[in-house]
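Engineer: Please put together the full structure from these sequences, using the hints given.
Heads up, the final residue of the sequence shown is numbered 355 in our numbering, and it's a clean run with no missing numbers.
The hints are simulated quantities; they were obtained by calculation from the structure and are not laboratory data. Keep in mind the model is a prediction, meaning the values are calculated, not measured. The C-beta atom is built at its ideal place from N, Cα and C for all residues, glycine as well. One should not assume that every hint holds.
What follows is a list of derived Cβ distance ranges for each label pair [as the list claims (entries may be wrong)]:
| id | residue 1 | residue 2 | range |
| --- | --- | --- | --- |
| 1 | Arg45 | Arg205 | 39 to 45 Å |
| 2 | Gly203 | Val30 | 36 to 42 Å |
| 3 | Leu242 | Ala353 | 21 to 27 Å |
| 4 | Val68 | Ile351 | 45 to 51 Å |
| 5 | Ala44 | Pro345 | 41 to 47 Å |
| 6 | Thr95 | Asn259 | 21 to 27 Å |
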Amino acid sequence: MGAIWGGFAAQVPVIKAQIGAPDALYGSLFLVSSLGALVAMRFAGAVDRRLGARSVQVTAAAMGCAMLVPALASGPVGFAFGMVLAAAFSGLCDVLMNARTSETEEARGRPLMNLTHGLYSLSFALTAILTGLAREIGLPPVAVFGIIAALILTAAPWMIAPHRHDAGEAAHLRNPAQRGLVWLAGLVFLAGFLVEQAADGWSALHIERTLGGRAAEGAFGPAVLGLTMGLGRFCGQTLAARYRETVLITLACLVSAGGITLAALAPNVALAYAGFGLLGLGISIVVPLSVALVGRMVPPSQRVAAIGQASIIGYGAFLVGPSLMGLTSDAFGLRVAFLTLAVMLLLVAAVLMPLIAARIRASR
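Structural biologist: Here you go:
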């Protein structure tokens, strides 16, 4: 998944020009694809039961092949159709990969989720860099995604993972206080995903259009973000053993707000890289630590339901984020669009996290 979306992020300026979409329309097209992902996620359990150990293998291969459709699109309609397909398989693969990782953690008795998310970030960064070089030598998007799809199909035989299903999980949270905490945590999910999605999808365009960077320089923006997010997640695993999640999330939001402000106001490409790097270090741990926080706030029998409800709120970012960035950018420019996200992160640190910490103390 990291390779697919890293390649896509570095191709945003090319694909946007290829389909002839202005910022507002381009952002709105992502709304359609996000709906595809959310609808598909509802069927993840049925797909898992049907495909069993091959569920990740099949959905990953399908996602890689589906990305060829938006890469070939010559207009907004074809692009939207292709992105719905790709996002649907991406949503399924995301849920199923996290389920397999969780089962492997339980079987081996050691944490693996942060490592998995860190490897996603590193593969995202590496593919973004290589895609930028491919753009420099003139390779079109369909050639790049064809190579990525071929690599995924080659690796598919090693994606088979034994699994099991647990019965007896509570479908709903019964305690109103717990539901309130989950909603607050879901809003933190939402903020984290909003910033991640915006930086992934618009950093290359900001560097190339706002700052006049070349294609390779634009592609390096998402790469810097991916590299620092990978580093941040590996470091976050160590920090989580020493500090409370609420403290770390608050600090991460402050660091991220500083980074995105620097990137937004940067007068040159180098400072924009520094800003996106700082943003990556901070935002990388917001969602993983929020997942851990939700899991700790509820009884084991309600953990799946709680994380699922918080995730549904968080994935709303993929519905409102692209349109928010596109409309704000069209009206005021990308600098203001990124500064809007910085203000949101400051509100999370100043309002949401103190509320969550207070509710946790009250529930003890």
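Engineer: Determine for every hint whether it applies to the structure shown.
Structural biologist: For each hint, the structure was consulted:
1. Arg45 with Arg205: 39 to 45 Å: holds (42 Å)
2. Gly203 with Val30: 36 to 42 Å: holds (40 Å)
3. Leu242 with Ala353: 21 to 27 Å: Hint holds: Cβ distance 23 Å, inside 21 to 27 Å.
4. Val68 with Ile351: 45 to 51 Å: holds (48 Å)
5. Ala44 with Pro345: 41 to 47 Å: holds (44 Å)
6. Thr95 with Asn259: 21 to 27 Å: violated (44 Å)
In summary, the one numbered hint that this structure violates is 6.
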